[in-house]
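Sequence order for the protein chains is Y and F. Take 0 as the starting number for the first sequence in numbering that gives the first Met the number 0 and just add one per residue. Take 0 as the starting number for the second sequence in numbering that gives the first Met the number 0 and just add one per residue.
Please note that a few of the clues may not be correct.
Identical copies look the same in the list; a pair holds intra-copy or inter-copy alike.
[To be verified] Using 27 Å as the maximum straight-line C-alpha spacing, the simulated DSSO-like pairs for lysine-lysine come out as follows:
1) Lys64 / Lys153
2) Lys6 / Lys125
3) Lys125 / Lys237
4) Lys237 / Lys64
5) Lys153 / Lys237
6) Lys153 / Lys125
What the hints contain is simulated information worked out from the structure, not anything from laboratory work.
There are 2 protein chains.
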Amino acid sequence: MKWCRYKDERRTTFGIVEDDLIWEVDGSPFHEHRRTGRQHHLSSAHLDVPVIPPNFYAMGMNFQKHLDWAAGRFGTSASPPERADMGYRSPNALVPTESPIVIPGDSIGPVQYEGELVAVIGRQAKGLSRTDALNCVFGYTLGNDVSERGWQFKDRTLWRAKNSDTFKPMGPLIETDLDPDHQHISVRVNGETVSAFDTAEAIFDLSTCISRLSRYITLFPGDVIWMGTDGATEPDLKAGDLVEIENAAIGILRNRVERAAVSPGAGD
Amino acid sequence: MKWCRYKDERRTTFGIVEDDLIWEVDGSPFHEHRRTGRQHHLSSAHLDVPVIPPNFYAMGMNFQKHLDWAAGRFGTSASPPERADMGYRSPNALVPTESPIVIPGDSIGPVQYEGELVAVIGRQAKGLSRTDALNCVFGYTLGNDVSERGWQFKDRTLWRAKNSDTFKPMGPLIETDLDPDHQHISVRVNGETVSAFDTAEAIFDLSTCISRLSRYITLFPGDVIWMGTDGATEPDLKAGDLVEIENAAIGILRNRVERAAVSPGAGD
Numbered sequence: 000m001k002w003c004r005y006k007d008e009r010r011t012t013f014g015i016v017e018d019d020l021i022w023e024v025d026g027s028p029f030h031e032h033r034r035t036g037r038q039h040h041l042s043s044a045h046l047d048v049p050v051i052p053p054n055f056y057a058m059g060m061n062f063q064k065h066l067d068w069a070a071g072r073f074g075t076s077a078s079p080p081e082r083a084d085m086g087y088r089s090p091n092a093l094v095p096t097e098s099p100i101v102i103p104g105d106s107i108g109p110v111q112y113e114g115e116l117v118a119v120i121g122r123q124a125k126g127l128s129r130t131d132a133l134n135c136v137f138g139y140t141l142g143n144d145v146s147e148r149g150w151q152f153k154d155r156t157l158w159r160a161k162n163s164d165t166f167k168p169m170g171p172l173i174e175t176d177l178d179p180d181h182q183h184i185s186v187r188v189n190g191e192t193v194s195a196f197d198t199a200e201a202i203f204d205l206s207t208c209i210s211r212l213s214r215y216i217t218l219f220p221g222d223v224i225w226m227g228t229d230g231a232t233e234p235d236l237k238a239g240d241l242v243e244i245e246n247a248a249i250g251i252l253r254n255r256v257e258r259a260a261v262s263p264g265a266g267d
Numbered sequence: 000m001k002w003c004r005y006k007d008e009r010r011t012t013f014g015i016v017e018d019d020l021i022w023e024v025d026g027s028p029f030h031e032h033r034r035t036g037r038q039h040h041l042s043s044a045h046l047d048v049p050v051i052p053p054n055f056y057a058m059g060m061n062f063q064k065h066l067d068w069a070a071g072r073f074g075t076s077a078s079p080p081e082r083a084d085m086g087y088r089s090p091n092a093l094v095p096t097e098s099p100i101v102i103p104g105d106s107i108g109p110v111q112y113e114g115e116l117v118a119v120i121g122r123q124a125k126g127l128s129r130t131d132a133l134n135c136v137f138g139y140t141l142g143n144d145v146s147e148r149g150w151q152f153k154d155r156t157l158w159r160a161k162n163s164d165t166f167k168p169m170g171p172l173i174e175t176d177l178d179p180d181h182q183h184i185s186v187r188v189n190g191e192t193v194s195a196f197d198t199a200e201a202i203f204d205l206s207t208c209i210s211r212l213s214r215y216i217t218l219f220p221g222d223v224i225w226m227g228t229d230g231a232t233e234p235d236l237k238a239g240d241l242v243e244i245e246n247a248a249i250g251i252l253r254n255r256v257e258r259a260a261v262s263p264g265a266g267d
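Model the full structure from these sequences, guided by the hints.
Okay, structure coming up:
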């Protein structure tokens, strides 16, 4: 089943997608809900981010070929992490498909894409075993973990490197029926495939991540876990580029890159 | 003016506090709202966390005497950060006043308190100058940035060290009329004052933090910025301890420490 969240003239609402139609839903997929009977054409709908997460988790450093590539380009360590330690992102940075990625005017660059599978939690859960871990997942969407590499290595935290406004495209839809451990994710820049990997290559699979996270942390409906990217994340992005993250079951997350003017008082 | 958020038999709602009374409010302080005319006694109310933040920011390393103390006890650097780079915490960890702090059963310790002033954002804002920065603030509350120092220095991120469930007590109220740059914050453990500092000692004041944050990031109503702690954060906490963070205008954030049994499958 496919779920979306979209804006119409009245409000932002959830919908169930069937073929080219969106069936409007009252309520949320995580709680009580019902179809209203109203429908819209998917092709002309204004899709919003499919969920605003109460908590926003990200598995950095979760694919060996990405670590190897980063070691070569940025001189970082290629050693895999010993444990599934979670990172955080922030909802301010979320934008939906078809919404621009805006590089801040004073970015020192390079700015790069990271195509990722995203798990959306469906029910409150704590203390899950690996065997039970996926029972708390509602579905899956795609994320682009846009990263300003200059700030990533220069700042004390990842705040603006990974969480500047518009740096977290997520969407287009949530697909509920999907095996998270065997998904092909590909990235195109201006129509050319520049990245392609399978989630089977993850250092820590989703069951391991959820089991470890939920040992200390209660998961809530709508929380998201971004699973990391593999391989190189080149070419560096520039204004005008069109970035598409694709998975056969979920669809295409499509965002054009812009660059803001340097704002007064900026600089560092 | 003082605002709170509390649970009654029907729901969780905001209220305005006057003397020992809570006046129930329909709506939120950040949007349209009105007093319903219903009132409760503050002393018998079940206070909840005063706001669930859409985005949760924290200024680590923001007081020199805290850096000096940590350098002595943990061997960390005493150099102040060059810029106000934000950290993140996660709402899963929030608990209100009078709710227990639960140390995970497999904690390696030490676990410590950090008493902090917390700014609550009142309106959407971006690109604020230092001069205009405080105009977006709705009010102030208190936070206890509970930290598992063993995990803080061992893990790749601060996820469980700072964000394990119950590790972020916040409250008891929001005070809207207060000068954030001249507030005395004190901490008592089992009735004895163990920490006391003035926010005037901050390396980066709130105006600087908001101005820098809002250069890249849109602030939203309900977002919180925790401003960091000063000095030592000892003694180490143990089950049974009562931790109180106090400010004359805001009140007392009071939480008792418990320790969970070791959960099956835990260990590291």
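Okay, the hints, checked on the actual structure:
1. For the identical chains of this complex, Lys64 and Lys153 are neighbours both inside a copy (23 Å) and across copies (25 Å), given an alpha-carbon limit of 27 Å.
2. Only between protomers do Lys6 and Lys125 lie at most 27 Å apart by alpha-carbon distance; the minimum there is 23 Å, versus 33 Å within a single protomer.
3. Only between protomers do Lys125 and Lys237 lie at most 27 Å apart by alpha-carbon distance; the minimum there is 23 Å, versus 42 Å within a single protomer.
4. Taking identical chains as interchangeable, the C-alpha atoms of Lys237 and Lys64 lie at most 27 Å apart only when both belong to the same chain, with a minimum of 24 Å there against 43 Å between chains.
5. Taking the closest pair of Cα atoms, Lys153 and Lys237 come within 27 Å of each other only inside a single copy of the chain (20 Å); across copies the shortest separation is 37 Å, beyond that limit.
6. Taking identical chains as interchangeable, the C-alpha atoms of Lys153 and Lys125 lie at most 27 Å apart only when they sit on different chains, with a minimum of 23 Å there against 36 Å within one chain.
Going through the hint list in order, the structure satisfies each hint without exception.
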